[in-house]
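> The lines below spell out each chain.
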Amino acid sequence: MGQFLLQFGNTLFSTILDVSPIVIILFGFQLFVIRQPIKRLKQIITGMIYVILGLALFLLGLEKALFPLGEVMAQQLTDPSFIHGDGPVPEVAYWKDYLWVYAFAAAIGFATTIAEPSLIAVAIKASEVSGGAISVWGLRIAVAIGVAVGVSLGAFRIVTGLPLPWFIVSGYVVVIIQTFFATKMIIPLAYDSGGVTTSTVTVPLVAALGLGLASTIPGRSPLIDGFGLIAFASLFPIISVLAYAQLTAYMDRRAAGKDNSTKTKGEAS
Amino acid sequence: MQGLTALLKMMASSARDLAPIIIVVGFFQLVVLQQPLPDVWGLAGGVLLVLLGLTLFMQGLELALFPLGESMAGAFANKGSLFWLLTFAFALGFGTTAAEPSLTAVAAEAARIAAEGNVVDNTEAARAEYAMLLRLTVAISVGIALLVGVVRILKGWPVQYLIISGYVTVVAMTFFAPESIIGIAYDAGGVTTSTITVPLVTALGVGLAHVIRGRNPMIDGFGLIAFASLTPMIFVMGFGMLWAAF
Numbered sequence: 001m002g003q004f005l006l007q008f009g010n011t012l013f014s015t016i017l018d019v020s021p022i023v024i025i026l027f028g029f030q031l032f033v034i035r036q037p038i039k040r041l042k043q044i045i046t047g048m049i050y051v052i053l054g055l056a057l058f059l060l061g062l063e064k065a066l067f068p069l070g071e072v073m074a075q076q077l078t079d080p081s082f083i084h085g086d087g088p089v090p091e092v093a094y095w096k097d098y099l100w101v102y103a104f105a106a107a108i109g110f111a112t113t114i115a116e117p118s119l120i121a122v123a124i125k126a127s128e129v130s131g132g133a134i135s136v137w138g139l140r141i142a143v144a145i146g147v148a149v150g151v152s153l154g155a156f157r158i159v160t161g162l163p164l165p166w167f168i169v170s171g172y173v174v175v176i177i178q179t180f181f182a183t184k185m186i187i188p189l190a191y192d193s194g195g196v197t198t199s200t201v202t203v204p205l206v207a208a209l210g211l212g213l214a215s216t217i218p219g220r221s222p223l224i225d226g227f228g229l230i231a232f233a234s235l236f237p238i239i240s241v242l243a244y245a246q247l248t249a250y251m252d253r254r255a256a257g258k259d260n261s262t263k264t265k266g267e268a269s
Numbered sequence: 001m002q003g004l005t006a007l008l009k010m011m012a013s014s015a016r017d018l019a020p021i022i023i024v025v026g027f028f029q030l031v032v033l034q035q036p037l038p039d040v041w042g043l044a045g046g047v048l049l050v051l052l053g054l055t056l057f058m059q060g061l062e063l064a065l066f067p068l069g070e071s072m073a074g075a076f077a078n079k080g081s082l083f084w085l086l087t088f089a090f091a092l093g094f095g096t097t098a099a100e101p102s103l104t105a106v107a108a109e110a111a112r113i114a115a116e117g118n119v120v121d122n123t124e125a126a127r128a129e130y131a132m133l134l135r136l137t138v139a140i141s142v143g144i145a146l147l148v149g150v151v152r153i154l155k156g157w158p159v160q161y162l163i164i165s166g167y168v169t170v171v172a173m174t175f176f177a178p179e180s181i182i183g184i185a186y187d188a189g190g191v192t193t194s195t196i197t198v199p200l201v202t203a204l205g206v207g208l209a210h211v212i213r214g215r216n217p218m219i220d221g222f223g224l225i226a227f228a229s230l231t232p233m234i235f236v237m238g239f240g241m242l243w244a245a246f
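Protein chains in written order, with my numbering: chain F, 1 to 269; chain Z, 1 to 246.
I should point out that these hints are in silico values taken from the structure, not numbers from a laboratory. A virtual CB, placed ideally from N, CA and C, is assigned to each residue, including glycine. You may find that some hints are simply not true.
As the list claims (entries may be wrong) - Only some residues are given here: those of chain F computed to face chain Z with a beta carbon under 10 angstroms:
#	residue
1	I22
2	L62
3	L66
4	Q76
5	V173
6	L205
7	A231
Work out the full structure, taking the sequences as your base and the hints as a guide.
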């Protein structure tokens with residue numbers, strides 16, 4: 001119990017340290033520039049305490065339980081003895097030997113994104129602003145699928161050693177083409193969803209996977225090839241959210257075709 | 001009693017958010033790797049902490065972070081001072097990023113890579129200086145991102161033109177930047193936006209789009225995060241090029 005309290009105290013302290021610049025900026029501007037009493041000050045202070053306590057507990061739980069296990073699993077899945085069994089380790093990595101790694105990358109990318117608090121926040125806001133046209137779970141699942149594809153493809157890139165810019169630049173080209181066809185409403189949100197996915201839960205686990213892969217595959221350097229997975233995880237959700245919007249618009253159009261009295265969601269509001 | 005039911009309901013919703021991770025980890029550990037779960041009680045305790053933490057955080061989000069972002073947007077709009085609004089946007093981006101722990105970790109790692117590639121002297125002091133400058137570069141880039149993002153909301157510019165020009169810049173710079181910095185630069189875009197910054201910045205953008213006449217919160221309110229994940233790539237590659245040149 002004592003040890004637990006000590007750990008909790010440490011995490012709490014570092015969370016407070018992380019939050020302090022935000023609090024200083026917010027209250028500094030409030031006091032010296034805006035110079036108006038803050039509305040509902042008591043509620044906001046209570047809320048801030050919830051945020052800090054919640055984040056500290058969240059991080060402590062992740063660090064105690066899930067991160068160590070996730071890291072060990074990433075190591076085991078990329079371990080040559082798991083991939084090649086008792087057979088000899090080939091000089092050059094063959095991409096098909098790593099199918100479980102891609103599956104793990106996709107699954108862990110999806111699962112961590114669903115648990116990402118900042119994505120939940122953005123999804124709630126988007127649903128609120130769009131008057132429910134964008135559903136909280138619809139957006140979260142669309143983003144999670146994007147991260148799953150991205151991290152999986154990123155793992156494939158580390159295994160094959162193909163240059164990172166090829167993938168990222170092709171991804172950009174896809175985003176640009178999709179942007180031309182997407183409804184205007186969704187574009188800013190889709191672009192935002194790239195940045196929000198890679199946060200507290202996703203980054204440590206995905207980074208562990210990248211480092212594990214890069215350090216066990218012959219010819220890869222963890223220092224050079226270990227990077228880049230986060231970039232995949234922030235690019236592909238843009239594509240999947242744009243695709244999700246196009247799919248909903250398409251289904252609405254079909255529904256509208258059957259019943260002309262209903263307006264399409266994309267054009268409403 | 002009512003409070004307890006409400007709490008249980010919120011906990012259940014957090015449990016749904018966490019279920020996929022538990023399923024994935026369990027499946028790969030038990031079925032694919034065929035190994036027992038180490039320290040089951042420790043694991044269960046950890047999951048319980050995560051559950052509690054997420055529930056509390058979601059409460060705080062609605063009580064503090066969203067209202068704060070919105071009320072700041074309203075207050076600056078009432079004050080009508082563009083200078084202070086832009087200063088606030090820059091300070092928020094710079095301040096939150098400079099202190100971001102995941103950025104500190106990435107910067108230290110980047111300094112190690114640079115030292116290995118003989119771009120930096122392999123001494124403690126030289127590496128620390130490189131990491132510090134890199135962090136400063138990213139923090140400035142996020143500050144500028146929020147500043148430009150706020151100007152964009154005020155003017156009502158479509159987000160895609162700015163972002164696509166940003167992509168073109170990233171691609172062009174990729175050809176000239178030193179190879180060792182590219183992976184870090186691409187990743188830097190993702191690591192800058194933390195769990196507390198995202199809700200605040202989103203609420204600020206949507207709030208601004210609400211109070212300014214003629215702006216649509218959906219089209220103009222979102223997009224700030226997108227800028228904050230784009231500019232670090234450009235600035236970090238620029239940093240790498242400048243460092244290599246001098």
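> Is the interface hint for Q76/F satisfied, with its Cβ closer than 10 angstroms to some Cβ of chain Z?
5 angstroms, holds
> With a cut-off of 10 angstroms, does the beta carbon of L62/F approach a beta carbon of chain Z closely enough for the hint to hold?
Cβ of L62/F sits 6 angstroms from chain Z, so the hint holds.
> Quick check on L205/F please, does its C-beta sit within 10 angstroms of some C-beta on chain Z?
9 angstroms, holds
> For the hint on V173/F, does the least C-beta distance to chain Z fall short of 10 angstroms?
9 angstroms, holds
> Classify the hint on I22/F as holds or violated, based on whether any CB of chain Z lies nearer than 10 angstroms to its CB.
OK, holds: I22/F within 10 angstroms of chain Z, min 6 angstroms.
> Answer holds if the nearest beta-carbon of chain Z is closer than 10 angstroms to that of L66/F; otherwise answer violated.
Holds: closest Cβ of chain Z sits about 6 angstroms from L66/F, inside 10 angstroms.
> Given A231/F was flagged as interface, is its beta-carbon under 10 angstroms from a beta-carbon of chain Z?
4 angstroms, holds
Hint check: no violations occur; every hint is consistent with the structure.
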